[in-house]
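**Student:** Sequence:
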Amino acid sequence: PQPLPPPVPPAPRSSSILDRHPVAPPISITHERSIIGELAEELWHTYLENVEPLAEVAVLRHLDSHEAMLAQFANPRILKLVAWQGARPVGLGMVTNCLEDVAEISPAFLRRKYPEYAARDAIYVGMLVMVSPVQRSQTAFSRLYLELWQVPARADGILVFDVCDFNRE
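Under our numbering, think of the first position of the sequence shown as 1, with each following residue one higher.
You may find that some hints are simply not true.
[Said to hold, decoys possible] Straight-line distance between alpha carbons at most 20 angstroms, and here's what the computed DMTMM-like set of lysine to aspartate or glutamate pairs gives:
#1 K113 to D101
#2 K113 to E67
#3 K113 to E100
#4 K113 to D64
Calculated directly from the structure, the hints in this document are not laboratory data.
Let the hints inform the model, and build the full structure from the sequences given.
**Tutor:** Below is the structure:
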């Protein structure tokens, strides 16, 4: 028998898609009751980037003051869903079943409209979903939005969420 020829080294591979588009750290979502300090300030700036432009395209006022937002971030009755990429916050969703903590709604209307849910404190209001501008074309918004819906679902509740036409379109 003839010996086998020596192995031929593989041809050099062209660069892969991962070389041209490095993989970013994965997005994770945490549930937070109270956010204060540096994280609150970071999220405030992301909030401004997201909400300030709505002043010219939405009929309702969407932009709250710095003090009002820091109070909401610190309020343990409002659940904050924070999207993280590594150690950096890149998005936020807020939801609550404490209807009096949402200045823009009428708790009496919702309790009258949904009495069976009101009896169980199972009416939830989605207050906000936002992601940093660099994340908008990725999955962070969808993941936060879906996670926000899971909060009332776990309580066999309902979610009320107002979205301006500009954001829907």
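**Student:** Now tell me if each hint is right for this structure.
**Tutor:** Each hint tested on the structure:
{"no.": "1", "hint": "K113 to D101", "in the structure": "holds, 19 angstroms"}
{"no.": "2", "hint": "K113 to E67", "in the structure": "violated, 32 angstroms"}
{"no.": "3", "hint": "K113 to E100", "in the structure": "holds, 16 angstroms"}
{"no.": "4", "hint": "K113 to D64", "in the structure": "violated, 27 angstroms"}
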